[in-house]
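Chains as they are written, first to last, in the numbering used here: chain A, 1 to 305; chain B, 306 to 961.
These aren't lab readings, by the way, just hints derived from the structure by calculation. Treat the hints with care, since some could be wrong.
Below are the EDC-like pairs computed for lysine to aspartate or glutamate, each with C-alpha atoms no more than 16 Å apart in a straight line [stated by the list, open to error]:
id, chain 1, residue 1, chain 2, residue 2
1, B, K868, A, E90
2, A, K98, B, D408
3, B, K788, A, E265
4, B, K639, B, E612
5, A, K3, B, E865
6, B, K680, B, D701
7, B, K414, A, E90
8, A, K80, B, D778
9, B, K657, B, D434
10, B, K670, B, E426
11, A, K98, A, E64
12, B, K791, A, E265
13, A, K80, B, D784
14, B, K571, B, D581
15, B, K560, B, E573
16, B, K414, A, D91
This one's a predicted model, so the numbers in the text were calculated from it and none came from an experiment.
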Amino acid sequence: MMKIPFIKYSKLWFSISILTVVLSVWAIATFGIKLGIDFTGGSMVELSFSKNRPETEQVQHTLESEGLKQYIVQKAGDNKYLIRTSFLSEDQHQSLVKKMQSTFGKDGSVVHEESFETIGSAVSEQLRQRAISSIIWVNVAIILYVAYAFRGVSRPVASWKYGLLAIVALIHDILLVMGAFAVMGHYFGVEVETDFILALLTVLGFSVTDTIVVYDRIRENIVHHSAANFPEIVNVALNETLMRSLNTTLTVLLPLFALYFLGGESIRNFSLALLIGMASGAYSSIFIASPLLVYVEKWQRRKTA
Amino acid sequence: MVVVPGYANQGLKWVNKKANLGVPLLPQKGFNLGLDLQGGAHLIYQTKTEQVPAGDVASAVEGVRDVIERRVRGGLGVSEPLVQTTRVGNDYRILVELPGVTDVNQAIKMIGETPILEFKEENKSPERDLTAAEKKAMDLYNAAQQKKASDVLRSILNGTSFETALNQFSEASSSTAQKSGAMGFISRDAYPEIYDWAKTAAVGSVSRTAIKSADGYSIVKKLAEQNGPKRVGAQHILICYKGAESCDTAITYTKEQAKARIEELKKEVTAKNFTDYAKRFSTEPAAATTGGDLGTFTSGQMVKSFEDAIFNVPVGSIVGPVETEFGYHLIYKKSEDAPKEYSVSRIYFGLKQKSDIVPPAESWKFSGLSGKQLKRAEVTQDTQTGQVQVNLQFNDEGTKLFGEITGRNIGKQVAIFLDGEPISIPRVNEAITGGSAVISGSFTILDAKLLAQRLNSGALPVPVELLSQQKVDATLGADSLQKSFKAGIAGLIAVMIFMVAYYRLPGLLSVFSLLLYAVLNLAIFKLMGVTLTLSGIAGFILSIGMAVDANVLVFERLKEELKLGKPLRSAMEESFIRAWPSIRDGHVTTLIGAFVLAWFGGTGFVRGFAIVLGTGVIMSLFTAVTITRTIMRFVLGRFTTGTRLFFLGGKPVSKL
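Produce the entire structure from the sequences given, and follow the hints as far as they go.
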């Protein structure tokens with residue numbers, strides 16, 4: 001079977017990755033990620049209009065007449081509006097819905113409140129903190145586990161370095177997803193809610209799984225062969241696991257595509273985050289994590305020599 | 306059978322019928338669907354525990370939880386509400402989940418309207434004095450204001466026009482129009498200093514000093530003068546009767562008796578002895594000190610019948626008896642005049658007073674007795690008056706407290722507050738140690754019943770505030786459920802097609818394990834009562850893809866082993882063993898993520914996702930390794946050489 005020289009073109013892969021990561025970081029830094037009400041506090045009303053969906057300006061006008069200053073009005077589906085506002089008390093909420101119904105519930109058109117969500121600042125603060133600490137803890141736990149799983153392998157690269165490199169690949173994936181959402185937030189007003197953190201954490205697990213499979217094969221090949229030609233061992237391992245990597249990624253992406261296209265509005269962003277993260281996870285374990293391992297080994301040799 | 310009990314039961318029924326067996330039917334329990342799939346409401350309340358001593362907070366919050374649960378079960382008829390307490394830092398929160406409830410507004414009202422019952426006693430502690438620092442700051446401010454006033458005055462005396470200075474320097478006050486500084490026509494009562502100046506000043510003139518009045522310094526300009534309305538000074542004697550407005554409860558006169566009494570007094574009273582009589586006989590509580598003096602008043606300030614009787618009679622006459630809602634009056638007209646009024650405008654510099662800094666003392670203070678110590682409330686009727694009242698029975702702690710409160714307030718009033726409003730302020734005649742109290746406001750029987758019912762279902766020991774709410778309409782939930790179900794099926798089929806197309810026979814075998822995986826997983830969700838939310842279903846769909854990961858690893862290994870020329874059976878066994886470390890490590894990292902997620906979520910949908918993902922990962926280890934291997938061992942025994950088409954392509958399988 002044909003062997004693909006992955007390691008030989010490491011510099012190309014790194015350049016691509018560095019470019020995408022730099023772009024992502026730039027997007028995150030300039031646009032920022034649009035946080036949804038889960039993290040900022042506020043209210044979100046979803047209204048459906050059975051017949052005549054009014055124009056955005058009309059809805060905005062009604063909001064103004066209710067004394068609301070900060071709001072975002074978005075069309076959703078064929079007959080719905082999503083309205084995000086600052087925190088509404090229950091009285092304000094009821095008054096708003098009544099106003100919408102009296103203003104647009106004419107000519108047989110029924111205005112119905114599909115869903116309502118309001119998050120106080122105390123709750124959003126708590127969610128924000130938990131999101132950050134959970135991401136940190138997942139990373140710590142994964143480094144520890146990978147270091148433990150590879151504890152037998154200390155030649156030519158120490159086991160904890162495997163863990164560290166797996167995390168480098170993982171950070172690459174996370175940055176890519178975040179960058180994509182920063183861009184989408186800027187251009188399409190996509191906001192990020194708690195389920196985005198779910199997606200990120202799932203991507204974390206998956207990305208590492210992928211990397212580990214390749215590393216596992218490297219580990220196995222080191223035991224069987226001598227560690228003399230490390231780059232070659234890594235390249236062989238990559239080729240041996242390539243079909244597995246592609247196929248696994250495909251079997252995960254297939255249901256995600258189904259979810260993205262068929263799962264409905266409310267789950268679309270969630271599945272998109274997973275799609276980007278999973279694809280990037282597969283890419284990074286082949287094109288980043290393994291070539292990096294070779295570089296670390298080379299660098300070590302140069303130091304000892 | 307657990308997943309679709311309906312069909313399974315039909316089968317069992319059939320068996321039972323045919324074979325006459327008594328196989329028990331399966332319970333038809335549904336999946337535990339999250340709010341986003343079945344509709345409903347999720348509310349988070351903050352408990353306000355500031356007033357509760359630190360040691361009692363946890364139990365008070367538990368109390369709130371219990372009360373809310375009773376309320377939503379009884380009042381709203383929600384059969385499976387989820388009411389939980391959580392602690393975030395020092396905040397205690399209550400999570401209320403109301404599956405299937407569509408009228409969230411009513412639910413919120415039900416929970417929020419739960420009455421807060423408090424017993425309060427008169428607050429005798431005086432207002433606090435100013436602290437030294439506050440006093441110093443106040444004096445400094447006032448001195449600065451005085452200086453400012455005299456500076457502006459000097460500049461006016463030096464030629465600046467009054468209006469210019471007014472525009473530039475005057476502060477706003479409640480009695481002064483901001484722009485013009487006009488105060489309108491003032492009376493001597495409100496601004497004696499300014500009034501007295503205006504009395505002698507010419508129209509159009511400006512005061513040559515900054516006049517100090519109660520509220521600050523004013524540089525005043527007189528605009529106009531006019532004769533004021535007629536003003537009458539009077540004194541009165543009141544005889545009230547039981548049932549008349551504001552009549553002291555100690556008075557036992559009937560209306561007729563009061564009338565007779567006032568006629569009696571009328572015969573004796575003169576201008577000379579009026580004050581003395583008022584002090585001795587008037588039922589007005591303050592009369593003993595004031596002698597019934599009402600000061601002066603203009604038209605419209607008194608009750609109509611009272612005013613009509615006194616306003617147009619000569620000074621010195623005694624009129625009456627006059628009937629008002631307060632009882633019967635004898636009135637002595639002391640004076641009549643029509644003082645001048647002056648319209649002025651002023652440049653105002655306000656002074657700060659103690660009352661601007663220290664808040665006024667509350668007239669009631671909390672006694673420690675609240676709805677928390679209530680055992681039972683019931684509607685009763687006063688045996689004498691027939692008045693509807695609510696009888697409160699305290700528990701042991703409440704009985705003791707109530708005894709102490711009534712004991713130290715004999716002769717004083719105790720107020721019963723409901724939701725911050727006094728509903729009854731009875732006077733305590735003696736210490737009550739029996740542990741029961743009566744609320745006798747002006748209830749209708751319906752009000753009283755409602756109050757008793759609300760008190761019984763529990764008064765909140767501490768107030769709560771709605772922090773956040775989530776509400777999903779049932780149709781939207783059903784729509785989401787249907788869509789995600791469709792997506793799940795589509796995803797499953799896509800994965801199956803791929804596996805069969807790429808791995809042929811082993812792929813087909815893995816499809817069986819995959820189906821088994823899906824069914825077993827759903828059964829676990831049901832049996833463990835895992836709450837399935839939209840993201841949980843997404844997690845499940847995702848885990849379908851991950852479940853075949855182990856199979857992919859094994860099959861790729863199998864291909865390699867076969868390429869090395871190993872016989873089919875040993876190649877298969879070898880591939881399972883060789884692939885195991887990778888499978889294990891991969892699954893563990895995903896499990897780590899699931900565990901952290903479960904912790905991150907605390908409750909609700911994040912945890913649902915984590916549990917679904919976690920069980921999925923563990924389950925797939927079982928199905929993809931154990932089940933697939935068993936099936937493959939069974940099937941491979943039937944194949945001989947040369948059947949490579951059914952396997953994985955590549956070299957023909959040479960030996961078995």
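Hints and how they fare:
This hinted pair does not check out: K868 of chain B and E90 of chain A have alpha carbons roughly 69 Å apart, beyond 16 Å. Among the hinted pairs, K98 of chain A with D408 of chain B is consistent with the structure: their alpha-carbon atoms are about 14 Å apart, no more than 16 Å. Simply put, K788 of chain B and E265 of chain A have alpha-carbon atoms about 10 Å apart, close enough for the 16 Å limit, and the pair holds. Proposed proximity of K639 of chain B and E612 of chain B is supported: the alpha carbons are some 14 Å apart, at most 16 Å.
For the proposed pair K3 of chain A and E865 of chain B, the alpha carbon gap of about 14 Å is at most 16 Å, so the pair holds. For the hint linking K680 of chain B to D701 of chain B, the alpha-carbon distance of about 9 Å falls within 16 Å, and the restraint holds. Taking the CA atoms of K414 of chain B and E90 of chain A, the gap is near 10 Å; set against the 16 Å cutoff, the hint holds. Of the pairs offered as hints, the one joining K80 of chain A and D778 of chain B holds, with about 13 Å between alpha carbons and a cut-off of 16 Å not exceeded.
Taken as a hint, the K657 of chain B and D434 of chain B pair is honoured in the structure, with Cα atoms around 15 Å apart against an allowance of 16 Å. Note on K670 of chain B and E426 of chain B: the hinted pairing holds, with a Cα-Cα distance of about 6 Å set against a maximum of 16 Å. Of the supplied pair hints, the one linking K98 of chain A and E64 of chain A holds, its CA atoms being roughly 14 Å apart against a limit of 16 Å. At roughly 14 Å between alpha-carbon atoms, K791 of chain B and E265 of chain A fall within 16 Å of each other, so this suggested pair holds.
Of the pairs offered as hints, the one joining K80 of chain A and D784 of chain B holds, with about 14 Å between alpha carbons and a cut-off of 16 Å not exceeded. Restraint check for K571 of chain B and D581 of chain B: satisfied, since their Cα atoms lie roughly 14 Å apart, inside the 16 Å limit. A C-alpha spacing of about 21 Å is found between K560 of chain B and E573 of chain B, which places the hinted pair above 16 Å, so the restraint is violated. With a CA separation close to 11 Å, the supplied pair K414 of chain B and D91 of chain A stays within the 16 Å bound.
The structure fails to meet hints 1 and 15 from the earlier list, while all remaining hints are met.
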